Amino acid sequence: MDKINCDFSPMKTQIVEGIHRIIADLQDSLQVLGNENQCLLGELEDIKTTFINIESAAANFYLNCYLSAFTDKFEDLSVSVQNLSKHRYGALIVVERTDSLEDYVQKGTMVGAPLTSVLLETIFYPGNPLHDGAVLIRANQIVSAASVLPLSQAIIIGKKIGTRHRAALGISEQTDALVLVVSEETGKVSFALNGRLYPISTVQALH
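Each residue of the sequence shown is one higher than the one before, starting from 1 at the first, in full-length UniProt numbering.
Just so you know, the hints here were simulated from the structure itself, not pulled from any lab data. Do not rely on the hints blindly, as some may be mistaken.
[Said to hold, decoys possible] DSS-like, lysine-lysine: derived pairs with alpha carbons at most 25 Å apart:
#1 K86 x K188
#2 K12 x K48
#3 K160 x K188
[To be verified] Taking CB as the label site, the calculated pair distances span:
#4 Q174 x N37: 54 to 60 Å
#5 F74 x P126: 21 to 27 Å
#6 N37 x D176: 49 to 55 Å
#7 K12 x K48: 20 to 26 Å
#8 L26 x P129: 49 to 55 Å
#9 Q174 x F74: 23 to 29 Å
#10 N128 x H20: 43 to 49 Å
#11 E55 x I155: 18 to 24 Å
#12 V148 x C39: 51 to 57 Å
#13 Q153 x P199: 21 to 27 Å
#14 Q38 x P150: 48 to 54 Å
Predicted, not measured: the structure shown is a model, and the values here were computed from it. We treat Cβ as the ideally placed atom computed from N, Cα and C, and that holds for glycine.
Make a model of the complete structure from these sequences and hints.
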């Protein structure tokens, strides 16, 4: 991942506390393992749940860090992503960072409007002719909608990913763009960066 220099203290605190909790739980598990009258499986399940929560919190933290220097519209992105996730409206949002995306994105319909949560949600509303492609964001503006991204050809072992996620990976493999993806099937949200996908919690995302 990129080198970053940002400070979101509440998020950092949550991650640190979670890691300490996992360390303590692992130490407790060693004691349980030494007791023939106790089963370790329940302990491991709890540790797995805690780990997943920490992973999501860490993704939220880094998402803020990676976007903060490139757009001021955190609140609008947050509201949009949470609403799209809640209604299970599929979405693909590309945020241009240092690398120009001119040679990688096939622009669909030019928008050239200020980034707002209402406009983003309208674009991805089912039935809207623009909802199937990607939205390109540069700084605080929506540049285009219904844009086409290069698809990743990577094989992800153990995972089946759809076109939106493969497009998110594709553009992130070739540029430093950050891509937000909302799954139409599950409503789950993730972001792609440097050719990898990271799940995020919509409750905490971009706050």
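Here is how each hint holds up against the structure:
no.: 1; hint: K86 x K188; verdict: holds, 9 Å
no.: 2; hint: K12 x K48; verdict: holds, 20 Å
no.: 3; hint: K160 x K188; verdict: holds, 14 Å
no.: 4; hint: Q174 x N37: 54 to 60 Å; verdict: holds, 56 Å
no.: 5; hint: F74 x P126: 21 to 27 Å; verdict: holds, 26 Å
no.: 6; hint: N37 x D176: 49 to 55 Å; verdict: holds, 54 Å
no.: 7; hint: K12 x K48: 20 to 26 Å; verdict: holds, 23 Å
no.: 8; hint: L26 x P129: 49 to 55 Å; verdict: holds, 52 Å
no.: 9; hint: Q174 x F74: 23 to 29 Å; verdict: holds, 25 Å
no.: 10; hint: N128 x H20: 43 to 49 Å; verdict: holds, 46 Å
no.: 11; hint: E55 x I155: 18 to 24 Å; verdict: holds, 22 Å
no.: 12; hint: V148 x C39: 51 to 57 Å; verdict: holds, 52 Å
no.: 13; hint: Q153 x P199: 21 to 27 Å; verdict: holds, 22 Å
no.: 14; hint: Q38 x P150: 48 to 54 Å; verdict: holds, 52 Å
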